[in-house]
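Novice: Sequence:
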Amino acid sequence: MADTVLYDLTEGLATITLNRPDAMNALNIDTKVALRDALLEAAEDPAVRAVLLIGSGRAFCVGQDLKEHIGLLAADREGSGEGSTMSTVSLHYNPIVTAIAGMPKPVVAAVNGVAAGAGAGFAFAADYRIVADTASFNTSFAGVALTADSGVSWTLQRLIGYGRAADLLLFPRGIDAQEALDLGIAHRVVPAAELAAEAAAVARRLAEGPTAAYAALKESLAFAAGHTLTEALGKEDELQRRAGASDDHAIAVNAFVNKEKPRFTGR
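In terms of the numbering used here, the sequence shown opens at residue 51 and continues consecutively.
Check the hints yourself; a few may be wrong.
[As the list claims (entries may be wrong)] In silico EDC-like pairs for lysine to aspartate or glutamate, Cα to Cα no more than 20 Å straight-line:
{"#": "1", "residue 1": "Lys117", "residue 2": "Asp72"}
{"#": "2", "residue 1": "Lys268", "residue 2": "Asp287"}
{"#": "3", "residue 1": "Lys268", "residue 2": "Asp297"}
{"#": "4", "residue 1": "Lys309", "residue 2": "Asp287"}
{"#": "5", "residue 1": "Lys285", "residue 2": "Glu269"}
{"#": "6", "residue 1": "Lys268", "residue 2": "Glu244"}
{"#": "7", "residue 1": "Lys268", "residue 2": "Asp72"}
[Said to hold, decoys possible] Restraint-style ranges between C-beta atoms, simulated for each label pair:
{"#": "8", "residue 1": "Asp53", "residue 2": "Leu116", "range": "20 to 30 Å"}
{"#": "9", "residue 1": "Ser140", "residue 2": "Leu209", "range": "16 to 26 Å"}
{"#": "10", "residue 1": "Leu209", "residue 2": "Ala97", "range": "26 to 36 Å"}
{"#": "11", "residue 1": "Leu56", "residue 2": "Gly284", "range": "20 to 30 Å"}
{"#": "12", "residue 1": "Leu209", "residue 2": "Glu286", "range": "17 to 27 Å"}
{"#": "13", "residue 1": "Asn144", "residue 2": "Gly224", "range": "24 to 34 Å"}
{"#": "14", "residue 1": "Asp72", "residue 2": "Leu209", "range": "24 to 34 Å"}
{"#": "15", "residue 1": "Pro71", "residue 2": "Arg291", "range": "15 to 25 Å"}
{"#": "16", "residue 1": "Asn144", "residue 2": "Gly234", "range": "46 to 56 Å"}
{"#": "17", "residue 1": "Glu286", "residue 2": "Leu220", "range": "14 to 24 Å"}
Since the hints were made in silico from the structure, they are not lab data.
Glycine residues also receive a C-beta, built at the ideal position from the N, C-alpha and C atoms.
Full structure from sequences and hints, please.
Specialist: So, in structure tokens, the structure goes:
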């Protein structure tokens, strides 16, 4: 794995760190490939029970590395490139967002600084967002004459509603931490100096929790977003039967009856 993305697995918690601080964690090809592969590894590893995604330095992720991008565009136009610069959406961004939103374990985004473009999209796809009081979001796409990618057309309107999402996409601007909290983008805002510890504590709590139940909750929410109430009720029935047969459910019930703290296994 490239050193532009760091991966650490400790006691069920996979911490994935975007590590191009001098470039504000801009997404060049190496970084996109490494991030995609790290997320897929975390999604598939049964030892991983929760994921924490964070950036190093003063930014979470400012999106596409435009310095690399402009060179690739020029090469395509001159005929010296592969002519597929924008295939990064299908090759990198879509698999990254699918891994974040679709993995059967919770993902916490610790937004330590600017999250723009695809960087904002990655944060929006996470299950829980803890945001430093100095951080900000910006959709950015229209500012460089592009449309939304990284799932933003889907996630943002579900977080804040169609009208507000359209406003932020048509007229990109910085959204500070307090506004992000007010809009419903951020779940929690904390002092910047406390972000790493707070985010790790939340992610560690999830890693110690009933992982199978969390997976079912993610599946239930995703299904309900595109189906009728009747269909959602059917999905809830299916998932609740599965959760009810899990070891963790039996552990939780026994712990409740015995007035003990449950020790979940993730199964």
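Novice: State for each hint whether it applies.
Specialist: Hints, one by one, checked against the model:
For the suggested pair Lys117 and Asp72, the alpha carbons sit about 13 Å apart, so the restraint of at most 20 Å is met. Proposed proximity of Lys268 and Asp287 is supported: the alpha carbons are some 15 Å apart, at most 20 Å. Taken as a hint, the Lys268 and Asp297 pair is honoured in the structure, with Cα atoms around 19 Å apart against an allowance of 20 Å. A threshold of 20 Å between alpha carbons decides the hint, and for Lys309 with Asp287 the separation of about 28 Å lies outside it, so the pair is violated.
A hinted pair counts as satisfied when its Cα atoms are at most 20 Å apart, and Lys285 with Glu269 qualifies at roughly 9 Å. Between Lys268 and Glu244 the alpha-carbon distance is near 27 Å, which puts this suggested pair outside the 20 Å criterion. With a C-alpha separation of about 35 Å, the suggested pairing of Lys268 with Asp72 is violated against the 20 Å cut-off. Separated by about 22 Å at the C-beta atoms, Asp53 and Leu116 satisfy the suggested range of 20 to 30 Å.
Range check, Ser140 to Leu209: Cβ separation about 24 Å, and the 16 to 26 Å hint holds. The hint said 26 to 36 Å for the Cβ distance between Leu209 and Ala97, and at roughly 30 Å that hint holds. About 42 Å separates the C-beta atoms of Leu56 and Gly284, a value inconsistent with the hinted range of 20 to 30 Å. Range check, Leu209 to Glu286: about 22 Å between beta-carbon atoms, so the 17 to 27 Å window is met.
Between Asn144 and Gly224 the beta carbons are some 26 Å apart, a value that agrees with the proposed interval 24 to 34 Å. Look at Asp72 against Leu209: about 31 Å separates their beta carbons, and that is inside 24 to 34 Å. Against the hinted window of 15 to 25 Å, the Cβ-Cβ separation of Pro71 and Arg291 comes to about 47 Å, which falls outside the hint. For Asn144 and Gly234, the hinted distance range of 46 to 56 Å is not satisfied, since their beta carbons lie about 24 Å from each other.
In this structure the supplied range 14 to 24 Å is violated for Glu286 paired with Leu220, their Cβ-Cβ distance being about 36 Å.
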